[in-house]
Amino acid sequence: MPAFVSSRLFWIGVLTVIVALVLPTYVSGYVLGLLTVAYYTAVFAMSWDLLFGFAGEVNFGPTFLIGVGAYTAGILDANFSPGLSIWLCIAAGALAAVVGGVVLALPALRVSGPYFGLTTLVAVLMLQNFIVVAAGLTGGEIGLAVPDVISIDAKTNYWIALAFMLVSGAILFGLSRSAIGLILQASGQDKIQAGALGFNVTKHKLAAFVVSAFFSGLAGALMVFYMGTASVSTFVDVGVGVQIIIAAVLGGRRTVIGAAIGAIFLIGMGELLRPLGELATLIVSVIALVVILFFPDGFLGIIRGGAKA
Amino acid sequence: MLFWQILIDGFAISALYALGATGFTLIFGVSGVLNLSHGAIMVGAAVAAWAAAGELGVGPYTGALIGVVAGLVLAFATYFIAVRPIQRSKAIAESEKEIFILTATLLWGIIIQEAIAYFFTNNAKTVLPIVEGVTTVFGVRTPRNEYFTAVICWVAIGLLWLLVNRTRRGKSVMAASMNPRGVTLLGIELSSIYLTVWAIYGLLAGVAGILLGMFLGVSSYSVGPLTASAFSIVVLGGLGSVSGSLIAAYVVGYLETATAYLISPAYRTIPALLLLVVVMYLRPQGLFGRR
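Sequence lines, in order, name chains V and P.
With the numbering used here applied, the first sequence covers 1 to 309.
With the numbering used here applied, the second sequence covers 1 to 291.
I should point out that these hints are in silico values taken from the structure, not numbers from a laboratory.
Among these hints, one or two may not hold up.
As the list claims (entries may be wrong) - Listed below are the simulated SDA-like cross-link pairs for lysine to any residue, each with C-alpha atoms no more than 20 Å apart in a straight line:
| id | chain 1 | residue 1 | chain 2 | residue 2 |
| --- | --- | --- | --- | --- |
| 1 | P | K97 | V | K203 |
| 2 | V | K203 | V | N79 |
| 3 | V | K191 | P | E98 |
| 4 | P | K97 | V | P296 |
| 5 | P | K97 | V | F295 |
| 6 | P | K97 | P | P85 |
| 7 | P | K97 | V | V290 |
| 8 | P | K90 | V | K203 |
| 9 | P | K90 | V | F295 |
| 10 | P | K97 | V | V99 |
Please take these sequences and the hints and turn them into a complete structure.
Structure representation (structure tokens):
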């Protein structure tokens with residue numbers, strides 16, 4: 001750990017957090033709103049990295065977990081608004097996502113690689129279909145408006161998102177650096193050998209799914225009460241999941257923190273390039289492709305490579 | 001009446017699905033690559049045919065030809081830009097190449113999709129059909145183009161069968177899908193086999209894309225669903241099994257058409273997805289897959 005504290009990466013991290021803390025005094029509410037979304041997306045990407053980078057599970061459906069959390073919280077609030085505190089709704093959302101995570105983990109313990117990838121993709125498509133078909137409950141394609149929000153103040157929302165990202169990031173990072181993270185990594189790379197060494201692979205993988213689902217669902221539920229609405233295009237669509245995966249691989253897989261950097265970069269770039277209209281996504285995708293092809297360890301790999309030299 | 005309608009419509013749709021999925025499964029069988037830019041290549045070919053036939057006015061035949069060429073070019077571009085650099089990279093661990101190729105082809109697909117949206121807008125485009133008019137069979141009025149689609153799809157699949165089973169080149173491709181090392185030991189360049197496979201894939205995806213453009217129309221929004229449907233058909237049939245994909249294409253095609261006609265178009269994709277989940281749980285290698 002001391003080696004980690006003295007590394008350049010650590011100080012860059014500290015500096016970034018300080019900048020993030022003083023930012024609200026200097027920038028407009030619009031930028032804060034953008035960063036709020038970016039911070040929640042960062043949690044999505046970090047949760048995904050725990051599953052993929054460490055447990056080795058190619059999860060194409062991060063939005064299944066996010067969507068279950070977001071919609072559970074949103075539907076509860078929309079139906080029982082004044083009586084039920086939004087924090088209870090958020091807790092219920094996180095819980096529902098954990099249940100979803102267990103359901104998703106069941107096939108993962110049986111099938112692997114592309115087969116599991118497809119199962120998760122199907123889970124997303126099913127959820128999407130369900131939301132559209134059960135429009136009476138979920139608001140369908142138009143989206144579900146929730147009566148309550150966490151706060152209407154941009155700064156408060158920003159603080160909550162930042163604190164949430166830092167706390168979940170610290171937990172996920174700590175977990176990935178702990179013995180559990182090592183066991184997960186071992187079972188992801190060679191399931192049989194990890195089992196032969198006496199580790200319960202099934203239990204650890206299930207735990208990874210539960211933790212990943214918990215944070216995805218929590219972040220999804222919080223984001224619903226930041227936006228005041230839940231819609232398929234922001235929480236469930238396969239395209240959202242794709243962005244999360246790209247963010248995690250772009251930032252540097254198996255690092256947890258890289259996923260957060262990638263997510264903030266993607267959202268930030270998308271906004272900076274907005275004046276270019278439809279070209280924005282094109283340029284961001286080209287940048288991401290170049291990074292993946294030439295710097296497979298992502299942004300964090302580039303920084304680390306620089307630190308070594 | 002309704003029965004015949006479902007039978008005819010389902011047959012044409014399924015033939016199209018089958019053609020789209022065949023190339024996809026061939027690539028996976030030979031080189032283990034799941035090409036997630038599949039939908040973008042199909043749409044790219046269709047849009048090229050549309051632009052050439054409609055905008056430049058070269059007529060439906062030349063337009064279709066240009067579309068096929070576009071499919072071929074896009075397939076090679078996919079291979080050289082998003083697949084080969086990763087296969088040859090020393091910085092990426094062997095076990096992680098799969099996810100890198102998935103991510104890279106996905107990004108490449110998005111790049112094609114956005115380029116199409118930028119230069120040709122998001123509007124749906126219908127490629128000028130080669131065969132026009134309607135015909136009535138068993139009391140069902142069907143556009144002739146629908147029969148044409150099914151015929152071309154099966155001719156293309158038949159040609160592929162001949163190529164793989166009757167030519168030396170095709171046989172070596174088949175051998176490579178069974179045992180790449182063995183083929184290398186016989187003195188056949190694996191990289192030239194990959195090129196052949198990607199060429200076949202480009203032609204199949206191009207033809208499928210253009211037919212889809214004539215039959216249902218395409219837009220840059222259809223990229224994702226097209227990739228997803230090819231992926232599910234291929235997994236349902238068993239990854240790498242061409243005959244499995246053909247059967248799975250018909251299962252999915254008929255299931256979707258029957259649901260759309262008998263229940264509601266809104267539920268169109270749900271039974272197929274449910275079937276997929278059941279198959280995943282009970283028989284994870286797909287209906288005809290090898291493990």
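Below or equal to 20 Å on CA atoms is what counts here, so check K97/P against F295/V. holds, 13 Å
Do the alpha carbons of K97/P and V99/V lie within 20 Å of each other, as the hint requires? violated, 31 Å
Could you grab the alpha-carbon distance between K97/P and P85/P and see if it respects the 20 Å cut-off? Holds - the C-alpha atoms of P85/P and K97/P are around 10 Å apart, at most 20 Å.
Please work out if K97/P and V290/V have their alpha carbons no farther apart than 20 Å. holds, 16 Å
When you check the alpha-carbon spacing of K90/P and K203/V, does it fall within 20 Å? The hint is violated at about 34 Å.
For the pair supplied as a hint, K97/P and P296/V, is the alpha-carbon distance within the 20 Å limit? Holds. K97/P to P296/V sits at ~10 Å (cutoff 20 Å).
Hey, K97/P versus K203/V, does the alpha-carbon distance stay inside 20 Å? Cα-Cα ~27 Å, so violated.
Is it true that the CA of K90/P sits at most 20 Å from the CA of F295/V? holds, 11 Å
Quick one, are K203/V and N79/V close enough, alpha carbons at most 20 Å? violated, 36 Å
Decide if the proposed pair is consistent with the structure: K191/V and E98/P, CA atoms, cutoff 20 Å inclusive. holds, 17 Å
Hint check: violations occur at hints 1, 2, 8, 10; the rest are consistent with the structure.
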